[in-house]
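In order, the protein sequence lines correspond to chains A and B. Everything in the first sequence is counted per our numbering, starting at 1 for the first residue and increasing by one. Everything in the second sequence is counted per our numbering, starting at 1 for the first residue and increasing by one.
The set of hints was computed from the structure by calculation and includes no laboratory data.
To give an idea of the chain A side of the interface with chain B (calculated C-beta under 7 Å), a few residues:
(1) Ala49
(2) Ile51
(3) Ile77
(4) Gln78
(5) Ile82
(6) Phe84
(7) Ala90
(8) Phe92
(9) His94
(10) Tyr103
(11) Gly104
(12) Ser153
Within a straight-line C-alpha distance of at most 30 Å, the following computed BS3-like cross-link-like pairs (lysine-lysine) qualify:
(13) Lys7(A) x Lys33(B)
(14) Lys7(A) x Lys205(A)
(15) Lys212(B) x Lys7(B)
(16) Lys141(B) x Lys33(B)
(17) Lys39(B) x Lys72(A)
(18) Lys72(A) x Lys7(A)
(19) Lys7(B) x Lys104(B)
(20) Lys33(B) x Lys72(A)
(21) Lys106(A) x Lys116(A)
(22) Lys39(B) x Lys104(B)
(23) Lys106(A) x Lys33(B)
(24) Lys60(A) x Lys72(A)
(25) Lys116(A) x Lys60(A)
(26) Lys141(B) x Lys106(A)
(27) Lys141(B) x Lys104(B)
C-beta: ideal position from N, C-alpha, C; glycine also.
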Amino acid sequence: MLTVNLKKHFSDNRKSEFQLDVSFSVGNGFTVLTGASGSGKTTTLRLIAGILTPDEGIIKADSQTFYDSSQKINLPIQERRIGFVFQDYALFPHLNAEQNIAYGVKANNRESRDEKAREMLSLFHIEHISRRLPREISGGEQQRVALARALASSPSIVLLDEPLSAVDVETRAELLDEIENAQRQADIPFIYVTHNETEAARLGKYRIRLQNGRVII
Amino acid sequence: MIWESLKLSLLVVSVATVIVGVIGLALAFLLAKREFRGKELLDAVLTMPLVLPPTVTGYYLIVLLGRRGIVGSYVYDLTGWTIAFTWQGAVIAAVVVALPLMIKASRASIESVNPSYEIASYTLGKSEFETFFRVTLPLAKRGIYAGLVLSFARALGEFGATLMIAGNIPGVTQTMPLAIYEAVAAGDERQAQILALILTMISISAVYLTNKISRSRIYG
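Could you put the whole structure together from the sequences, leaning on the hints where they help?
Set out below in structure tokens:
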């Protein structure tokens with residue numbers, strides 16, 4: 001269960017102003033966050049993850065408080081246990097697929113870390129590219145590595161920021177299945193940001209729509 | 001004279017390059033990643049030796065570290081030792097003049113690393129320190145290597161500041177550039193030619209190496 005109630009004001013030298021004021025809570029399922037570009041979807045994810053800090057409000061995951069302005073709590077990104085899948089994947093260019101996945105694994109020794117990484121490689125059917133660098137694999141494969149890396153760190157929530165915007169239609173359908181599958185296995189909240197209505201309709205058991213920084217559904 | 005000055009130059013330059021590498025990287029990190037008051041002023045002060053005549057830099061070193069210097073006088077009172085006219089003095093001179101090159105090259109390189117890799121590392125639970133060593137540094141390594149090679153070459157060619165703080169004592173502080181000066185002054189053309197040739201070869205290799213590093217394949 002993730003509860004979000006936050007406000008953040010952005011201004012760019014008085015040229016443009018933007019007020020984000022969102023409030024929602026989601027359970028251990030799939031939530032799709034939609035809205036036109038500029039409606040505040042990515043900003044909302046970044047605030048939940050701790051990449052940005054709200055002006056005021058509360059972010060709680062189960063019993064853990066990520067952020068609470070009234071109590072002056074602001075948990076660092078590292079302690080929020082968020083699996084974040086970035087739009088451009090942000091795979092470490094100097095590490096191969098397996099090293100990327102193993103990077104965030106919390107394990108006491110090398111063996112169990114590598115084992116976890118191999119387990120994720122097999123879950124996403126990408127064992128054959130384990131030794132390749134991100135620039136040597138396709139967009140779909142990069143996406144799988146990014147997802148595997150986010151899940152390998154045993155997160156309590158997964159946030160996906162338009163993860164399929166850079167892959168072709170065919171691969172997209174395949175990956176959507178895999179993402180849904182991964183959510184069922186992990187049984188934790190997944191928040192999936194997209195501006196693609198077909199994608200939203202297909203995934204959206206629970207949908208939140210943003211417009212100009214506010215929740216409208 | 002050739003062998004002695006070559007040996008001394010290599011000693012001074014090696015020690016100086018290690019010191020420049022460590023201090024330069026720490027300062028580059030500070031300047032690239034931290035916001036604090038007086039940051040740009042610190043950058044300007046650290047860059048000074050790049051634009052000041054080396055004799056001026058050397059003069060400040062004497063004012064600071066000489067036997068009657070601001071810091072040097074305390075050291076002398078406590079230990080009876082002064083860095084002036086020692087090979088360690090030559091190392092200090094080399095460090096101060098080479099440091100700006102290391103800082104400039106590494107800072108630019110660290111700043112050019114896409115911050116989304118660092119953010120990704122934080123979301124995966126890694127501290128800023130660990131992220132720096134495992135993500136930022138490997139991705140910025142070309143600029144850092146280039147900074148090291150340039151610093152090495154600059155330290156090797158150091159003349160003015162070395163002369164001011166360490167003097168020109170054969171076998172003690174007479175590095176190759178100083179030995180060339182003395183050979184020419186004494187009319188020993190042959191010595192000067194050999195020394196100049198050795199220095200030129202080392203410098204050309206350094207520049208060649210730097211170019212090779214900056215053209216090597218980029219990740220991503």
